[in-house]
Amino acid sequence: MQTSARERIREKIRHVAHIAGEILYGMTVFDWVRGARRQRGEIERLFILITFGDIIGLPILPPYYTLRLLPYVVPVLNRWKRSLLRERDLTDLAELIEGVG
Amino acid sequence: MTILVLILAAAGLAVGYGLYARTIDKNIIQPDPKKATPAKMYMDGVDFTPASKNVLFGYQFKSIAALGPIGGPIVAAQWGWLPALLWIILGTFFIGWVQDYASIVVPMRSEGDTFGALSYKLISPRARSILLVFIYLYLLLIMGAFGKVIGQIFLPKPVVPFGILSVILMGLLAGQMTYKWKQDIILTTVITVVVAFFGIWLGQTSAISGIFDGLNNALGANGQKYFWPIIFAIICYLGAVLPIWRWAQPTNYVSFWIIALGMLGGVIGMIVWHPSFGDFPAFTGWTVPGLGPLWPILFVTIACGAISGWHSLVSSSGTARQIERETDALPVGGGAMWMEMVLATISLLTATAAMGGWEAYKEAFAGGKFGVFASGLAAFLNHIGIPTAFGTAYGLVFLTIMGLTICYLVVRFMRVASAEFLGDAIPALKNVHVGAIVALVLSLIVIWTGVWQTIWVLFGGANQMMASLALLIITIWLMSQKKPAAWTFWPFVFMYVTTIVALGYKGVHAFQAAFAGTNVTGNIIAGVIAVVLIVCAGILGYDGVQALSRQRGAAPVKDTP
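Residue numbers (our numbering), protein chains in the order written: chain V, 12 to 112; chain Y, 1054 to 1614.
Don't read these hints as lab results, they were simulated from the structure.
Hints should not be assumed to be uniformly reliable.
Said to hold, decoys possible - Restricting the straight-line Cα-Cα distance to at most 27 Å, the calculated cross-link-like pairs of lysine-lysine (DSS-like) are:
#	chain 1	residue 1	chain 2	residue 2
1	V	Lys92	Y	Lys1093
2	Y	Lys1483	Y	Lys1087
3	Y	Lys1088	V	Lys92
Unchecked claim - So the derived list for chain Y, only partly shown, Cβ under 10 Å to chain V, looks like this:
#	residue
4	Asp1097
5	Asp1100
6	Gln1113
7	Gln1229
8	Met1230
9	Trp1234
10	Leu1366
11	Ser1369
12	Ser1370
13	Arg1374
14	Ile1459
Please read these numbers as outputs of a predicted model, since none were measured by experiment.
All C-beta atoms, glycine included, are put in the ideal place defined by N, C-alpha and C.
All chains should be modelled from the sequences, with the hints used to inform the complete structure.
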């Protein structure tokens, strides 16, 4: 009985520590992670654009080697098109300015 | 008294978040945890990526809370502590969390559109352009308000420059260690934060501060007025043009620890000490000379901490696209705003209780508005064993770095905005260096010519006008969904009317002062900015009323997804 109560308290402490850790991560390193993701995303978008731009109407004659890439690109094509063609304005950048309050 | 104020704030949080916010969330928005959010539907691994609500809470809080909730209450304490406290608690209760929470909900149910796109769709095409004008002027006023404090008050203090230099150098080292040397983040954090603290300590020793003292003497009062703002501009220029991983991101990271540890120490010191307010008056009168009448000026003086329009932009462009479950919107958006209210309350306490009385507050305020916070923080830290001399230097570096980290991101944004607005007409503006220099020259003009209190109120006014625009968009969206909208409509009306009157008041006073020959350039710039903001608000109000009446007769629109 006592062991299970202790176990419950331990579990509770672990849970609280986990939440605190996640909040701290959100306040600190999460920005770096998002920055790295954004950079990777931009390079990826550009790469697919120069190899498969014809999908969205850019006049690119697909060379043989591009076609060999096709199976790898198919899974990301939908999100690539959406991401590339999504309308953007300056308010998209607002999140980059932190702490203005 | 300190404890009583904290209890009042806690009660506001408990009733506001626990009862009011939850009731709205449950009965009006009716979030469905099984419904796919834009983060899941459009997951691209970049902008649309689901994240845990705890991570997002931390991210949202860090994104919204900084100098705004600290500066506003300190200035507003001139009306007495009670009006400021009531506005912080009631403003958050009825308006602040409403805006932040709904700014996540509306884009979340509108395929992740930002407020720019939503204003285009829901109000009018020109509403988006007006929003961008607001944003640019708002950022310019931030540069003026923060730049004046940093460049003309903090940096000239001999204990500050070396501390700032250490934090920036440690930020650069953090970026190098992480991205180039691939070092462990914990090791990087420990080394850079400890050395930065050592630098702050070293900066306040007579050997180092004496050097800057000598420099200031050589410059003279007039030289200091121009020299330190130029140093501020150079730091902002580097932050704006260098790759984000090289400067802005790691410097912000090291600064976060400097700021967070200071806040934590301050709160512990405050609880240990729990001082009384002394003779600090609850209410000093309806009008504060140089600032204005309680209504409307108080309500724009404290913007962040009660309600801030910038939050709606951050929430819609960043957080809303990462919400994993609809039910997370309240703890993330609403929760972070309530935490900011706590921060604003603590800031008010540093101006009241930590100062020990009304005369001490007025004396510290006359020596620099934000200096009140630095002295208050030092007093709190002193109660956990940190010497006052180091505590004051730490408080000053803390505030300077907090402002600087915002300012170079602001310049970064301003150069993109000028390239977007005028890049076709003036191709030179597309160049990053030209865009950044133009933004900095404009900022320096405001810093050198502006009157701080006028700039601060205009900054609050532009911010609150963005808040009323966000509340208008939210109201129109709720009406389009045939949901009750009174909980956002009345806050919108209050904020809109209050802000227009505040801008009008400050605009008229600025022109009067200019015609009387006081600070002519600065007051004319302030007056013109006030007029532009009022005209933009008028157009938005007209378009908004038309959009509202369109929605009243329209059939319900099914939300997405």
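To see whether the hints hold, each was checked on the structure:
1. V:Lys92 with Y:Lys1093: Given that 27 Å is the threshold and the Cα spacing comes to 16 Å, the pair holds.
2. Y:Lys1483 with Y:Lys1087: 45 Å, violated
3. Y:Lys1088 with V:Lys92: Satisfied, since the Cα-Cα distance of roughly 24 Å is no more than 27 Å.
4. Asp1097: Because about 5 Å separates Asp1097 of chain Y from the closest Cβ in chain V, which is inside the 10 Å limit, the hint holds.
5. Asp1100: 8 Å, holds
6. Gln1113: At about 8 Å, which falls below the 10 Å cut-off, the nearest Cβ of chain V leaves the hint on Gln1113 of chain Y intact, so it holds.
7. Gln1229: 14 Å, violated
8. Met1230: With a closest approach of 12 Å, the Met1230 of chain Y hint is violated.
9. Trp1234: At about 15 Å, which exceeds the 10 Å cut-off, the nearest Cβ of chain V leaves the hint on Trp1234 of chain Y violated.
10. Leu1366: 4 Å, holds
11. Ser1369: This hint holds: Ser1369 of chain Y lies near chain V, its Cβ roughly 7 Å from the closest one there, short of 10 Å.
12. Ser1370: 5 Å, holds
13. Arg1374: 9 Å, holds
14. Ile1459: Holds: closest Cβ of chain V sits about 5 Å from Ile1459 of chain Y, inside 10 Å.
The structure does not agree with the numbered hints 2, 7, 8, 9 stated previously, though it agrees with the rest.
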